[in-house]
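Undergrad: Model the full assembly from the supplied sequences, consistent with the hints where possible.
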Amino acid sequence: MSPHRMDRPSLLGTVTLLLACCLLFFGRTAYAQTLVLAQISDRPKKDYRQLRPMADHIVQAMAPFGFRRAEVRLYPDLPAFEQAIRNGQVHWITETPLTAARLYQHQLAIPVARKWKRGQQTYQSLIYVAKDSPIHNLGDLAGRIMAFEHPDSFTSFFLPLQALRQAGMTLVPLDSPHQSVPADKVGYTFSRNERNNLLWVDKGIAAAGALNDGDWSIPDRLPAELVQRMRIIHRSPSYPRAFEMVTSTLEPEAREALQQALLSLDPERDRPLLQRYEKSSRITPLEAGDLDLLRSLEVETLP
Amino acid sequence: MRSRITSSLTRRLTAGFAALILILAAVQSVLLVKSFHEYSRFSIDRGNTHLTNVLKGQLERDAKLLGQTLSSQLDIPLYHLDLTEIGDHLTKIQRTQNLEYAYLFNSRGTLLHDGSSTIPEFGLPAEVLIPLQPSNQLEIRWQDDRLHLVQPVNAAGHIVGYLALAVDFSEALHSLTTHNQELQSAAKTKEREVLTHLVLVTVLLLLVALWIVYRFCHHLFKPLQALAEKSLRYGEGDRSIRFDIAQEGEIGQLGRALEQMRRGLEQSHHQTNQLAYLDNLTQLPNRHWFQQSLDSLIKRAQQRSQRLGVLFIDLDHFKEVNDTAGHEMGDLLLFEAAARLRNLLLELDLSDPDDDEVLLARLGGDEFVTLYPDLASSEHAAELARRIAEVLDDPFLIDGRYFRISSSIGITVYPDDGITSSEILKHADIAMYAAKQSGRNQYAFFSPQMNQQLHQRIEVLQGVRTALEQGHFHLEYQPVLSLADGRIRGAEALLRWHHPEQGLISPGLFIPTIEDSDLIGPVTEWVACQAVQDLLQLQQLKPGFSISINISGAALHQDSTRDFLTELKQREQVPDNCLNVELTETSMIRHLDDCRQTLKQWKAAGMNIWIDDFGTGYSSLSYLHQLPIDGLKIDRSFIRELKPGSSNSLVATIMTLAESMNLYVVAEGIETADQRDCLARLGSCLGQGFGLHRPMPLSALQQLLEAENDTLAADVRSDTDSSAVRYGAEAEK
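Same order as they appear, the protein sequences are chains A and B.
Read left to right, the first sequence gives residues 97 to 399 (my numbering).
Read left to right, the second sequence gives residues 686 to 1418 (my numbering).
Rather than coming from a laboratory, the hints here were simulated on the basis of the structure.
All values derive from a computational prediction rather than experimental measurement.
A couple of the hints might just be wrong.
Within a straight-line C-alpha distance of at most 30 Å, the following computed DSS-like cross-link-like pairs (lysine-lysine) qualify [as the list claims (entries may be wrong)]:
1. B:Lys915 <-> B:Lys719
2. B:Lys777 <-> A:Lys299
3. B:Lys1288 <-> B:Lys1328
4. B:Lys1004 <-> B:Lys1288
5. B:Lys719 <-> B:Lys873
6. A:Lys375 <-> A:Lys141
7. B:Lys777 <-> A:Lys142
8. B:Lys1285 <-> A:Lys141
9. A:Lys375 <-> A:Lys142
10. B:Lys1254 <-> B:Lys1004
11. A:Lys375 <-> B:Lys1004
12. B:Lys1227 <-> B:Lys1288
TA: Given below as structure tokens:
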């Protein structure tokens, strides 16, 4: 905008200005979209409640990029989730390593930070049996039923499955724990949550269960009485607990801003906010090897 | 007092009514309260039962709803065996409901979850844990206040498990019990309230009813009270009272009845007055009235210093009229006599015209009394007595028969013979008695000696009674001889009285006295009995010996004497013609007809009849002929006149007469030998007298007879046939 033109205002110039203003207005309005935080969830109500405050907080930092509002979207399974991401409906994802690896490997999202979900920076998978069980190693599980938590669970499906495969066991999925299992294979079924997992093992519905070490060690997560009746027969290596990811729907600057907003959360100052955000204790930058880890996880081997 | 009678009746009726109502009200109240109590208990219990049922029904529905809701929520978790979610559901309802337990069993009936975090009883069979057995339908059971429920859980049309719940509804049911207790206590309070109201209303109604009853009774009994007051006033002497009440019904009837009673009473009073003051038979004033009249006349005579004559009249021989002609005749005669006396007094007009004092009265029986007011002279009283005697002396013609009576009149004068009415009347009675004693048909003025005589007479009568009781009497016998041969034919029994103090009392003193009294019967019977006993003894000495006893005129006319003698003779089996009865002419002739019957009876019984004191009476010879006479006893006065050398025609005539009538003769009072000789010359007869034998005791007579027997025995040997006149029984034979 030159001063000269300002000196000679014309109808065209005026119209152009008005149009520019309108464009600016409408452009800004079109740009003031909703920041969408998404996750795969089979308990949408709980998860929505856990995610919403953080979304509402972070969106404030995203205002310069036109994000006035925040929204939590929960998808029942990976395909639906990936489709939504491809459709550009998701900006921000908070997920455990398994889903994070899948999205990363499918180039739908990239990690921007580690999330200390449930206060854990990392976690590992445990395979356990009842103390009085005759099972002492993974090979003893042949012909038995193994209870996993969820098909999307990293520590309670992916990691134990890997471990069993590596131990040379063949696994067959079961519709219900009452089904019989071939003597040379390990049948598995999903307990839907950690307490069920433990109860099944305790009540003999399943011969062994798989949980992460957080479930095991954090008090009140599981009935201590039951936990004490269990014996751990396998521990996996430790993995980051969860990742904060962004999609390509966000502009690079906006990604940067989001990453900064997340990393700027102070464990002390923002404790309540973090606590409500899936009981997280802090959010820290990615560490070396995180991307490699995500890239190397053999997610496609899952049934 | 009067008002108290009726008001007490009113009060009593009211009190009675009150008592009755009170009892009724009490019973009613008790019943009502009891019924109310029972009804409230019943309705509360029913309500409670209903509420309990409704509540239980509601609780069951709630429990069922809960079970259904829960089971519908549990189907998927159960399918997934999601113990966590199942546990969450169970825990959730365990928190909100009074759940005793919430169990989920699998389709085999073993426990999957009990809502606890560790499910310690996992796998236990249902029968260990719950009272109900799982089945393909809803099962419900109440145990105490707990509701047990087993609900099948369906998934896709199959039973995948069973939900078992036990809900403790004790709180709800307890609150119901509390509610029930509150209701009962409220009902109790209400009961008391109702009772109080009931009592109050009852008392109020009772008071009103009592007031009405009291007023009603008061009104009802008012006429009764009036009648009671009238009765009392009538009783106090108010003769103006009338009991008629202008009212119908019972009270009116009572009034009329009382009025009727009053009239009856008035009439009765009038009659009583008449009875009290008038003699029923003669309609003359009676003794009572007369006594009052005499009192007032004496008082007046005293005030006026006048004299007053009292004439006591007794009809002579009236008793015989009664005895012989009957009491009706006697009554008619009394009536006639009263009329004559009344007429006489009217004629003489002795009464004071200013007053109606009674001058003539009948004192009872055959006794009348008249008064002579303002008596100027005793001679006037004597004149009146003579007029009375005249009037009564006329024969009475009654029922076609003539009766002759006379009167004995005693006269006293106030104040000479007494100053009180009773004294003067008593003295008049005594004077009358004296007149009667001196031969009847006379009048006599009172004199003090009469009093003395009366006392003597009373003494004699008392003495005779005592003598009869204590045996002071005895008999003496004066033998009767045949003058021709001097032998004893019999004896006359003579009564003797030996008084323990006064010694022998002359027969002349007491015999006339008892003849006028009722003692003549007993004395005659005593004499007869004694004489018969003695006779039987004497006859052992002299068979055919006879004894005479004297029967007075008074005794002769008594039926009892007649029958007594007859029976005595028969009972003692006295031989015939040995018991003689001596009678005076006078006594026989007075009542000839009756006498004839008696004599015939005696004669028929075998007794002989002799006439005593023959010649002194006025008997007609024809009587002698009519009567069954056996002999005559010539009075001593004739015998005394017998003189040797004179014609002695009177005695001779009697003896001739007797001979002609076939009668035997006894000469009484032979005292001298001359007299005996004279008699012997005049003819054959029997004799008796001091000149022959004096009266003697039985023993002496027995000795005499024994002596004669001895003499006779001596004579028999030498004696040829005797021409002696046989006496008594022997003569007959």
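Undergrad: Hint by hint, say whether it matches the structure.
TA: Here's how the hints hold up against the structure:
1. B:Lys915 <-> B:Lys719: Distance of about 54 Å is beyond 30 Å: violated.
2. B:Lys777 <-> A:Lys299: Cα-Cα ~22 Å, so holds.
3. B:Lys1288 <-> B:Lys1328: Violated, at about 36 Å.
4. B:Lys1004 <-> B:Lys1288: 27 Å, holds
5. B:Lys719 <-> B:Lys873: 11 Å, holds
6. A:Lys375 <-> A:Lys141: OK: Lys375 (chain A) and Lys141 (chain A) at ~16 Å, within 30 Å.
7. B:Lys777 <-> A:Lys142: 17 Å, holds
8. B:Lys1285 <-> A:Lys141: Given that 30 Å is the threshold and the Cα spacing comes to 170 Å, the pair is violated.
9. A:Lys375 <-> A:Lys142: With a Cα-Cα distance of about 12 Å, the restraint between Lys375 (chain A) and Lys142 (chain A) holds, given a limit of 30 Å.
10. B:Lys1254 <-> B:Lys1004: Holds: Lys1254 (chain B) and Lys1004 (chain B) sit about 29 Å apart, inside 30 Å.
11. A:Lys375 <-> B:Lys1004: 166 Å, violated
12. B:Lys1227 <-> B:Lys1288: 23 Å, holds
The earlier numbered hints that this structure contradicts are 1, 3, 8, 11.
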